[in-house]
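> Using the hints, put the two chains back together into the complex; each one sits in its own frame.
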Amino acid sequence: MLRITGGTVYDPANGVNGVVRDVCIADGRIVSDVEGGRTIDATGMIVFPGGVDVHTHVAGGALNFARGLVPENQRVARKFLHAPGRRGGIGGMTPTTFATGYLYAGMGWTTVNEAAVPILTAKHTHEELHDTPIVDKSCLLLMANNEIVLDLLEAGEVERARDVVGWLVWAAKVYGVKAVNPGGVAAWKWGKNASALHGPIEGYKTLTPATIISGLAGIVDDLGLPHPMHLHCNNLGNPGNVATTIETMKLLQGHRAHMAHLQFHAYGGDGWETMRSGAVEVAEAFDSHPNLTADAGAILFGDAVTITADGPWQHMLHQLTGRKWGNLDVENETGCGIVPYVYRDRHIVNAVQWAVGLELLLLTRDPWRMFLTTDHPNGGAFWRYPEIIQLLMDAEYRKEQVRKLPEAAQSRIVLGDIDREYSLYDVAIVTAAGPARALGLTQKGHLGVGADADVTIYPAKPAADGVLFSYPRYVLKAGEIVVEEGEIRAVTDGREFIVKPAFDDRIEEYLRPLFQKVYTISFENYPVEIERVRGASVVGVRS
Amino acid sequence: MGGKITCTLGEVKNRADFIVYWGGNPAECHPRHFTKYTLTQKGKFVPLGRKGRTMVLVDIRETPSAKAADIFLQIRPGKDFEVVTTLRALLKGQRIDPARVADTGLTLDQLQDLVDRMKRAKFGVIFFGMGLSMTRGKHMNSGAILTLAAELNAFTKFVCMPMRGHGNVTGADVVLRWTTGYPFGVNLSRGYPRFNPGEFSTVDLLVRGDNDAALILGADPGATMPQPGIDHLARIPTIVLDPKVTHTSRLARVHITTAVTGISAPGTAYRMDEIPLPLRPALTSPYPTDEEVIRRIRQAVARKPAWAPPAAVPTAS
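Protein chains in written order, with numbering that gives the first Met the number 0: chain A, 0 to 542; chain B, 0 to 316.
If you're looking for bench data, these hints aren't it; they were derived computationally from the structure.
A few of these clues could be false.
[As the list claims (entries may be wrong)] If you anchor each label on the Cβ, the simulated ranges turn out as follows:
#, chain 1, residue 1, chain 2, residue 2, range
1, B, 168, A, 448, 48 to 54 Å
2, B, 279, A, 155, 38 to 44 Å
3, A, 522, B, 212, 43 to 49 Å
4, A, 536, B, 138, 43 to 49 Å
5, A, 393, B, 298, 50 to 56 Å
6, A, 252, B, 133, 55 to 61 Å
7, B, 298, A, 394, 54 to 60 Å
8, A, 533, B, 44, 37 to 43 Å
9, B, 187, A, 14, 45 to 51 Å
10, A, 448, B, 294, 38 to 44 Å
11, A, 38, B, 138, 56 to 62 Å
[As the list claims (entries may be wrong)] With the Cβ distance kept under 7 Å, some of the chain B side facing chain A (calculated, not the full set):
#, residue
12, 1
13, 3
14, 7
15, 8
16, 9
17, 12
18, 43
19, 149
20, 156
21, 176
22, 177
23, 180
24, 182
25, 194
26, 274
27, 277
For every residue, glycine included, the Cβ atom is placed at its ideal position computed from N, Cα and C.
Isolated chain B (complex conformation) (with noise of 0.2 Å):
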């Protein structure tokens, strides 16, 4: 088990005949998703367009998404890792008692036609969102839908991928691996990159209050983490880093207002397929841009003396 099986967005475009979204509202949270690329549009090998395509809503309420959607399953919520275990054991042949599946919200049936229509499939593709990532389950959750799609290579084209949001979240993913090893949850403190999600995330160190400052850029935690971790901000020096007044800024010790990357400050931003864009800014700001300012505070460190006694500071030469 591990691994994952994808594609960037054109791909969905051009050859996509059967699209699952699973635990998330793409209507109302990813509003183009559906015209950019996955359902209107006309593909390459797709020429009919939505009426090429079947979509699969699979989430614990109704939303807007499912109004979009061919086939509405609505499960009960946190059984998400017992459907997608079912849905894989289904697809290797294996015999399910229907009885055991009832808690899902789905019968046996249901379960038995999606596996049928994934396997019929010439490329299919599985969205996932928060609602299966952050639930009961966590990562198990999305571990046992990225080994559904790789095993559905078996049968057909499959691939899988997460919904991602929270404006560049995909580019400090991508570059923090280049330049630690590790996409988030990285503690430098020992002078290398340790990693350890579950105790050097964010939210874990926080809510332990084990850090004694917060330099914050292009985050809002004050609006989303658990209250002790909101708490602890507000109790260390934090800085702030932001366009406009946030939750965070209110009570951070200093809030630098920058220029708004992508309007007014140029940039580069990670797709959710990691891809990479450019941003070019239309209008100049009277504020600088974050890298500028993070520039001039790592040289205004630079100029300080090191904390530690000077024996125990590595050198260059």
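Okay, chain A solo, but in the shape it has when bound (with noise of 0.2 Å):
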């Protein structure tokens, strides 16, 4: 049992904007009072509900990939020693998973969504899901370019690909379905990508990307996943893609979504020459779909390192930059890239990115359904979240970084023009109660009775580097004290969040025979044992 008493409260979910009240937690859950136990007293500081990851990349093949493709970045990171009770290890872009565990608590983030895992190796990302600590986990299965599904689209059994996507999510034993550059991966299987939503995708007559995108979307709203289709547009990052974005959002009329990493598919021009925002356009298109959520996928200057299930996209970023290149194609179901990036403020092509990200947060007039991300590691590291937050709260601040960019590039933008500042309503809204929302995740980001016991108490002065959220002077999950003062306190293991959705059991007679034929292991292997998720806790589908 424990009281946090005399701190200023935020949450939004529950309309609390800023009042000075108790926090009653018992058993792991908030409580509307409780009878002895600890206080800690929160007088003069914020208290948030714990922070939300809609979009991050911190487990599995694609990620571990990347750990072996950069000793040279680890070298560099932050390291975590070893102590009785917790794990060493290393931060940086691609942290070491008891780091990741350490790293978000740190920053006082609680749940966290993995957006990529292939099927086929989807065992490989729940042992790094449980060796990631603190935290709660979910994770999104890569669908759009598997190509069992996608032939059934073709032959436009709608039904059948239901089934199959029914089935696929609970072999996987993940918590919902993501899109990336629909049909795009799957011609890359051949050196092309898919750049028309209306042309036939290569090795398909007539399957285009807009089939994709709105069977997907149908079928995951028809199981009721908590969590709508998640999905990465296509022709990421490529000058003028906002015609692709918009005419997308348009495909999506009639069913719910959640647009990954908008940043990157905010662009106006058409070449890199000309390359210049198209954060108002797609701000304006954003704002009139309310189906849609999405987050920002902001990016900051400094050492990233992409990682995509987008492999067209990762060749083109090799051959432009030079950097080394890594891919991994999964047969009959995705691939990935990995190019490892440096974000300069005096390159106007990245400076132009770095704006877009804060214009998209920034001119979208719904906190609460657009929130911050970096698409981690993909724009810079989750770990530098409060740099952003400060962005978005200081004007001033903001304009002052905008005035260093080279001027060519701030003729190609607008966040010189904006005024708005974030409210901590705001920020508790876009880093909390928001994407705990959007993934169905009832219990998280607010703190209501009922909800988990996962709280974040800032200081409500700036931390010595003038950063307001880099440093919580408490961080609570489950409603033991897992950080105080940036200090681990306690390392809990985390639960994992799946989804049972209901299909049709004879789709394995269907799926075991074409399984065979294409794949290279046994179908009794392909699904995951659901003792080696462990944690986990069955969501239930919406009704």
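Below you can see the structure in the form of structure tokens.
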């Protein structure tokens, strides 16, 4: 039992905006009152629900590939010394699993959503998530280039595709469905891409990205998954991709969907020479589609490692930068590409990208639909979120940064003209309440009675580095104090949220012979055993 | 230069029409590779199976694998780097002096033919073995062949994969990466992971005699390490966990017999393409599993007082 007293509470899901009140905790949950137990005096501090990351890459084959690819990054990264009850590790762009848990918790984030899992290597992802302590986890299955699903969509067999997707979601023990560059990764298996939404995909007669996008969004709605289809649009990173992004929004009419790392999909112009911010157009279109949520995928200047299932884009980036390139195509399902990258403030394209992420967060009107991410580690490491919050809360500081950009970049962005400043209430929405709601995690992101007791208490004044959110005074996970004054106090095991959608069991008879023909492992070894997902918590589907 | 362009083996089965094995003898060392993944299977986009695929073997001697190959290219020992580099130059249309190629054991025409075939492939793959990665040039050879595969992607789809062996070596590599950030050669003596192959890799530590104890699991260095390394293992307290008697167990101070993973103990093995496969035991064993032995050693170690003065030991709270 525990009482947090005297703190100024920001709990947007319950309409609490900066009210001094007690937060009471018993048995890992928020309760209305407690008798006895410890009291934390939070006078002069601010009390937030624990942060929720709606889109990050922290575990699994692709990230682990990246760790091996960049030993030079690990060498200069922050070190974590092992101690009784605490594992050693390395921070940086691609932290080790244990360090990932410590870094998220140390920042006040208590739930993370790993956004890209191939079915074939889902066992690996779950092993890594188990080794990621403290935080609760969920993960999303890569589906928009799964050839069994794509063949069914081409044949117009949507009913059967629905059962296949349902079976696969349960087989991989995941929480939701991700669509990456629909059709583009399948085309990449032949060294091609799918850039026209209504053009047939390489290797198919009639199937187009548009068919996959609306088909899959419909299937996810139909299955009643708590989180809608999580979409990485076609043409990521390309100048002029605004048109694709807006057209995709139209395709999603009538469905729920979450649009990931929108920053990478909001560029105007028609080439690198003319590339400019398309945030105004995208924000306007996004505001008029209340069926959608999105995350920013903002970038920060400095080191990053780009990791995505978008293989063709990564080949392009490798050719553009000459940096080392990793690529891993996963049979019949997906692929991944990795290119280390440095975002430079003197580089016009990078400067525009930096502005676009912030513009989207500031221009879209409803904070409940646009969330804070960097698409870690693509736009920058997740542990730099406090830097973005500072830019959102302080217009003067932000404009000062804009003025430092090259003049050519300043003429291609609108960030310098935006006066909006985030309030603490807004910050609590975009970092916790909003993403929790979009994920359909009803016990996360708020401090109402019955919620998980994941609470972050920040000092009301910035720490020594001048950034308000970088050093929480306390972080509580399931009612336990896990971080105090920047020190890990307790290392707990997080849970993993999974869903079991309803599907026709007979679909297995359809899948088995197909599987044996095109895969190289036995069908029995394909599904993830439930025992492998330690701390599994099955979330119900929507009715 | 640098990076790795690869895929899972099912991609090879379903798509590859051009397959190169370099510095390896899969017919004897990976006897199921041809039949399960690369050559004889009918693939989704290679309906003719073996007839739809071309196989090239590059090696220093004519092994039994050469019988399976459409083209066998015998190169001189230690010339892998020169051959790969010449292929990269030809790929970029550079002029090559035929005389300078002569000491590789191949002619310029043969190399030009190989490059042309690679570029014409719809989906090409290079598998490389220890005949490339562990001979003169070592990691430079691996870097060169991985770069060749990457550069071929400017023309067609091409991937590259090392032929890994020795049980679950890939699994060890995968787990070390997520726990320490590095695949092998990790030193934890400062309390956090450091990586320096050539300094911290097992063979270097043993040959220099840097370590004063050894715990050996799922390996038989007594059969494969250089003699000074083996001598050192015999000198220090060496503990071996192994289901059977090995060269290493014979020289070890302690040999703990364990159940055989995959036969009488469960577990997970990672295939060479990093796909995790569950191992389900068919039999029971009177012996403990590796995992159980390690867990009990850890528990016993945790009960012992710290070796360092208390003030030097970091604490959790």
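> Of the hints given before, which are not true for this structure?
none
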